[in-house]
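Undergrad: Sequence:
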Amino acid sequence: MTETLAFGTVDTVLGRLLVSETETGIVSLDFRDTPAARERAARKTGLPVVDAPGRLDPALAALRDYFAGDLKTFELPIDWRLTGDVHRQVLTTLYETVPYGRTITYGELGDRSGTGVHAQVIGQVMGGNPIPLIVPCHRVVASNGIGGYSGGSGVEVKRWLLTLEGAIPATLDWDIASPPR
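Every letter in the sequence shown is one number past the one before it in UniProt numbering, and letter 138, counting from 1, is 138.
Just so you know, the hints here were simulated from the structure itself, not pulled from any lab data.
Bear in mind the structure is a predicted one, so any value in this text is a computation, not a measurement.
Some hints here could point you the wrong way.
Distance condition first, Cα-Cα at most 20 Å in a straight line; then the derived EDC-like pairs of lysine to aspartate or glutamate [stated by the list, open to error]:
no.: 1; residue 1: K72; residue 2: D57
no.: 2; residue 1: K44; residue 2: E3
no.: 3; residue 1: K44; residue 2: D85
no.: 4; residue 1: K44; residue 2: D33
no.: 5; residue 1: K72; residue 2: D11
All chains, please: the whole structure from these sequences, using the hints.
TA: And the structure:
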């Protein structure tokens, strides 16, 4: 059987997310559904694109539930093909050991993953995470603050997600009902 790539979208408070899935599992998530994002996912996977919307129903429902505050753990199959060995080890450790509402520092994740990777390199791994939100790179923070974020519109999205999860308190000027885009 030839492997294929299917796309699905879900409207969230952060905009329309594009989810890409193979028969193995979720392979990528983009914060914007654009022709360029679709082309990039197809090129990176090297797989033919098919129209298989039902394949993505569980992932799209899980994302809707997450944004509604009803889902605390993503239990979706992941296709790690867009990650190298060290990245996969770090991201798998993150996916499996850092729950909703919790954070971990870049350095702690490097130690926990058993890779011996320095905190700055962990930051690069997070920036290259092909499946943000589901593989929760927003939960990885600096030892002296929130750290960076390359998803959506950047660090304000990270702050919004951590506030949604209760990992950080809402500030007086922060409106959880009006997320950044």
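Undergrad: Each hint: holds or not?
TA: Hint check:
no.	hint	in the structure
1	K72 <-> D57	holds, 18 Å
2	K44 <-> E3	holds, 14 Å
3	K44 <-> D85	holds, 16 Å
4	K44 <-> D33	holds, 16 Å
5	K72 <-> D11	holds, 19 Å
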